[in-house]
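Line by line, the protein sequences are chains A and B.
Note that my numbering has the first sequence beginning at 499, numbered continuously upward.
Note that my numbering has the second sequence beginning at 499, numbered continuously upward.
Hint data in this document are derived by calculation from the structure and do not stem from the laboratory.
Where hints are given, some of them may not hold.
One copy or two, either will do: identical chains are not told apart, so a pair holds if it fits within one copy or between any two.
Said to hold, decoys possible - Computed list of lysine-lysine pairs in PhoX-like fashion (alpha-carbon distance at most 25 Å, straight line):
1. K689 to K502
2. K502 to K647
3. K502 to K1017
4. K618 to K512
5. K551 to K841
6. K679 to K502
7. K512 to K679
8. K884 to K944
2 protein chains.
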Amino acid sequence: MLEKYINAASQREKADLVLKNAQFVNVFNGQIEFGDIAIVGEKIVGVGKYEGKEEIDVNGLTVLPGYIDAHVHIESSQLSPEEFASLIVPRGTTTIIADPHEITNVCGMAGAEYIAKASKNVPLDVKVQLPSCVPATPFETSGATLYGKDIEENINNDYIFGLGEFMNFPGVIYSDADVIKKLEAAHGANKVIDGHAPSVSGESLNAYLCGGIVTDHECVSVDEINEKIAKGVYVHLRHGSSTRNLVSNSTAVNASNMRRFIMCTDDRHAADLKEKGHLDDALRTAVAGGLNPIWAVTIATLNAAECYGLRFRGAIAPFYLADIVVVDNLKNFNAQFVIKNGKLVAKQGKPLFDTAKRYLPNEVLNTVHVNDLKAEDFVLTLKGKKANVMTILPGNVVTGCEVMEIESKDGDVQIEGTDVLKLSVVERHKYTGNIGKALLKGYGFKGGAMGITIAHDSHNIILLGDDNDSMAKAANALKQIGGGMVIVDKKEQKIYTLTLDIGGLMSSRDAESLQRDSKALIERAYGMGVDRNQEAFMSLAFLSLAVIPQVKILDTGLFDVTKFAFMDINAD
Amino acid sequence: MLEKYINAASQREKADLVLKNAQFVNVFNGQIEFGDIAIVGEKIVGVGKYEGKEEIDVNGLTVLPGYIDAHVHIESSQLSPEEFASLIVPRGTTTIIADPHEITNVCGMAGAEYIAKASKNVPLDVKVQLPSCVPATPFETSGATLYGKDIEENINNDYIFGLGEFMNFPGVIYSDADVIKKLEAAHGANKVIDGHAPSVSGESLNAYLCGGIVTDHECVSVDEINEKIAKGVYVHLRHGSSTRNLVSNSTAVNASNMRRFIMCTDDRHAADLKEKGHLDDALRTAVAGGLNPIWAVTIATLNAAECYGLRFRGAIAPFYLADIVVVDNLKNFNAQFVIKNGKLVAKQGKPLFDTAKRYLPNEVLNTVHVNDLKAEDFVLTLKGKKANVMTILPGNVVTGCEVMEIESKDGDVQIEGTDVLKLSVVERHKYTGNIGKALLKGYGFKGGAMGITIAHDSHNIILLGDDNDSMAKAANALKQIGGGMVIVDKKEQKIYTLTLDIGGLMSSRDAESLQRDSKALIERAYGMGVDRNQEAFMSLAFLSLAVIPQVKILDTGLFDVTKFAFMDINAD
Chain A
499 MLEKYINAAS QREKADLVLK NAQFVNVFNG QIEFGDIAIV GEKIVGVGKY
549 EGKEEIDVNG LTVLPGYIDA HVHIESSQLS PEEFASLIVP RGTTTIIADP
599 HEITNVCGMA GAEYIAKASK NVPLDVKVQL PSCVPATPFE TSGATLYGKD
649 IEENINNDYI FGLGEFMNFP GVIYSDADVI KKLEAAHGAN KVIDGHAPSV
699 SGESLNAYLC GGIVTDHECV SVDEINEKIA KGVYVHLRHG SSTRNLVSNS
749 TAVNASNMRR FIMCTDDRHA ADLKEKGHLD DALRTAVAGG LNPIWAVTIA
799 TLNAAECYGL RFRGAIAPFY LADIVVVDNL KNFNAQFVIK NGKLVAKQGK
849 PLFDTAKRYL PNEVLNTVHV NDLKAEDFVL TLKGKKANVM TILPGNVVTG
899 CEVMEIESKD GDVQIEGTDV LKLSVVERHK YTGNIGKALL KGYGFKGGAM
949 GITIAHDSHN IILLGDDNDS MAKAANALKQ IGGGMVIVDK KEQKIYTLTL
999 DIGGLMSSRD AESLQRDSKA LIERAYGMGV DRNQEAFMSL AFLSLAVIPQ
1049 VKILDTGLFD VTKFAFMDIN AD
Chain B
499 MLEKYINAAS QREKADLVLK NAQFVNVFNG QIEFGDIAIV GEKIVGVGKY
549 EGKEEIDVNG LTVLPGYIDA HVHIESSQLS PEEFASLIVP RGTTTIIADP
599 HEITNVCGMA GAEYIAKASK NVPLDVKVQL PSCVPATPFE TSGATLYGKD
649 IEENINNDYI FGLGEFMNFP GVIYSDADVI KKLEAAHGAN KVIDGHAPSV
699 SGESLNAYLC GGIVTDHECV SVDEINEKIA KGVYVHLRHG SSTRNLVSNS
749 TAVNASNMRR FIMCTDDRHA ADLKEKGHLD DALRTAVAGG LNPIWAVTIA
799 TLNAAECYGL RFRGAIAPFY LADIVVVDNL KNFNAQFVIK NGKLVAKQGK
849 PLFDTAKRYL PNEVLNTVHV NDLKAEDFVL TLKGKKANVM TILPGNVVTG
899 CEVMEIESKD GDVQIEGTDV LKLSVVERHK YTGNIGKALL KGYGFKGGAM
949 GITIAHDSHN IILLGDDNDS MAKAANALKQ IGGGMVIVDK KEQKIYTLTL
999 DIGGLMSSRD AESLQRDSKA LIERAYGMGV DRNQEAFMSL AFLSLAVIPQ
1049 VKILDTGLFD VTKFAFMDIN AD
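Given these sequences and hints, build the entire structure.
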């Protein structure tokens, strides 16, 4: 191909495609420049005076390199990689560093492989990081466990790009032997290791970084950013649905450290992708918040390419990959045309590619492995009258704990007429029969049960309700549909479900119909009293995430994250 | 090792070495920062409060990452890699990207392998680029030829880092088939390709860069730099002995494009290394010329590491290679301590390592393959009275051409009493008997002959003189010593030589005695009339470099570089 590129660059042959009269952002010098952008095959061959077999006049528009999302869990969208691509590529994202942490917790390496291979059928480069911390803690039952030896065995798989966010930061700092084995395996393979080190600083941060970890997306203050940048970390500006630090973190960007920032969404729900956007929304939001637009573009393109060693990507220059987005302007970032590997793949926000599911192996389907449940399974017997009750800060994934007086009758707690609900995690990977039981205050649901097979990070069934029978029905319904979301309305005697057939996390359906049905179910949950400050189902899914303070519920019981130990529900 | 790094970083164990009370340049944020720099094994493990088994108090000094020379021909120093290291490491350079173009022209791959393997015995990382253009032109006789198939065969050798400067820019721009093969081989191996594209611009530059070439050290104007930076090229600030653009090119550096500059010496003579320095001198000179010292340091460290994909190098941060130079200040850059791979290797400008030649294979010795020459071999017969005479701009490697009336007698030109000398290139690799003959005006030598086995780029014997017999004696003396430099003083009937036993280019002797003897011989040449605006021998060595305008002499004859064709010495 080199010969073709050179012949077109030197004007001896016509280019395949030329963006005529382009005004573009040059990320190498921070300038706006002008010219015809010539493309041959998958490469940009030059900017100058060019003619093409095809031409698009982009006069009046602004041309940018395709965006690179430096850290994202596709699973958070509840969409297949193909449908995910159909939402983000038309927004201008052409490369993502994807960490299939969720589906790997359910399906093991088959999950990671699925994400990588399904993505091959859409015009989006999905660089798959091998999840480093499966499960997130050793205290719960997940669908798979990746030990050091598993990382060694899989890090050189052809579909693996690097090692995913190393959430087990205490394991690094205290040099746990199996953690070291994982890190050494990644270094041996010369792979980039992503980080996750919330509030880790000083000598502890030095220790963490001595694992050879190069990124962090958990910064929440300028001081934290400044320390991490100084220590060589690439810091993400994050624009997720649940987790956002984009605008506040942008205030730390300056001319001297700009090259050390990258941009990511981490988790982004389908509704946000559809209605607000992806990195286009991050750029829009950051620039509206005061970030220099040229810097914002550079952070979302060249910087990520450099961080991850993606040579000849993230810029508009000869021999660079022809991943290009044409936007209206550097304020609104509305994508008009998107070019991936030199081909026009989206126009006016609409994908020009199909999302047929050409790769959907059995290993990621039918993943709800649980015996039928009965009402009695949800009986919660206290020893006395006082219980440790989980509390939730509305709109936040951090939980608290409150000692409350709870009535009991016939060996079961009586919660009718209170703002307390039963909360259970039913193990669903290995038929263990484990059911973790807790009480939750402040969620606001009444009249039955609701549940979901997304429950971070082991993704057991998480259920809440005020009626044992409804909770059993909810669990059984989730089993029947092979994973997803459920509401049992006791009064109406009706069960409403939404199927997430891929690992119980994602749907193989098209984004639009899935989202319509998902919205309806969410609205039903609010209708049954869920506090609108919560995300009806997704806030539920975080109540089992044992790496976020303070008290969480696992299939194995109530867990105190601050002590990293189980706790008794009985408080007397 | 990760465990050791982590344990020391987290203060559970003592570090191996700590630079106490360090003030250091943080290249990630452009700040001066403070702390104890802890080192374990070959890595920096952190900056903070640390204790070490060994400690060096660097209070009052300034600590920098070890410098990276992004492009250098070791051969230009006429020193072995070991001796070269003994001069540059104590100045603060800890990594070089070395292009063994010269010795490979003489010895083929054995030359490149020699540079790589000899370097293993000194504390300097020598990343060896596979010379891409051997010989530089197809018009002359070199010791070796590397075709596309040879590049394919050798690019993945364990001692090869990337592909060396692609001097044959017309070959790229016109997509010569064998050139394409070389470039494709390097891309197939995912190697960085260095560039060399003087004054190439516009669509031609686009075409050249479509070869996937990423650097350029030939820029001579801010406009040229700006265009190359805009097109994604890493541009060198060069501080060679013959070729310098450091201060003028530094004026193109600004906050937005700074990350795209790197620093190199390209060619640097032993005398300059000894008396002025290496990249320390480049930094000193650039800063004196107005370049921001933090930028200068960043350009000489992190930027080069990024350009060449040298991860965890070029900064003072956890997990970065402990390549460190401690200088007096950011004005003088006098190196007080140099640490390479965590070990103190130089102190107060003196190396703490030996330079024993533990690897010196026969393949790079005895490389003057020429039959004995006689005075008659240097007879130069003109057809008429007018000749095309080479001229030389003092202190410049560019030559000119002038038509002059030249007297002849007995079929040989008569140059006595004129400022014209005979100039010959004697092929010395393959006993071809080729002797290229020319006339040179303005060099200033009288009374015999002088010659050298360094003659860019094929390194045949280049001789000048005003007496045929002296010229023959000079050639024979070079044969006898196995390569080097010679002066034949006809009046004194004496022959003075300096041996360069390694490829006829470099000496296996110690730097100090070599340099003393070299200086004496150079002084003798000036004593015999060589214009002091020339470098007595090295200006001679460039008179055969057929990629630099305008007229050059090859073993195959007089060559017009502008027409890329041979020319007749006869001008009537």
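How the hints compare with the structure:
For a Cα distance limit of 25 Å, the shortest separation of K689 from K502 across copies, 20 Å, qualifies, whereas the shortest one inside one copy, 32 Å, does not. Only between protomers do K502 and K647 lie at most 25 Å apart by alpha-carbon distance; the minimum there is 20 Å, versus 45 Å within a single protomer. Proximity of K502 and K1017 under a CA criterion of 25 Å is satisfied in neither setting, with 50 Å inside one chain copy and 52 Å between copies. Taking CA atoms no more than 25 Å apart as the test, K618 paired with K512 passes in neither setting, with 29 Å inside one copy and 49 Å between copies.
Taking the closest pair of Cα atoms, K551 and K841 come within 25 Å of each other only inside a single copy of the chain (13 Å); across copies the shortest separation is 59 Å, beyond that limit. Taking CA atoms no more than 25 Å apart as the test, K679 paired with K502 passes between copies only; the shortest distance there is 13 Å, against 45 Å inside one copy. With identical chains, the CA atoms of K512 and K679 are at most 25 Å apart between copies only, with a shortest distance of 23 Å across copies and 52 Å within one. For the identical chains of this complex, K884 and K944 are intra-copy neighbours only, at 22 Å inside a copy versus 109 Å across copies, given an alpha-carbon limit of 25 Å.
Of the numbered hints listed earlier, those contradicted by the structure are 3, 4.
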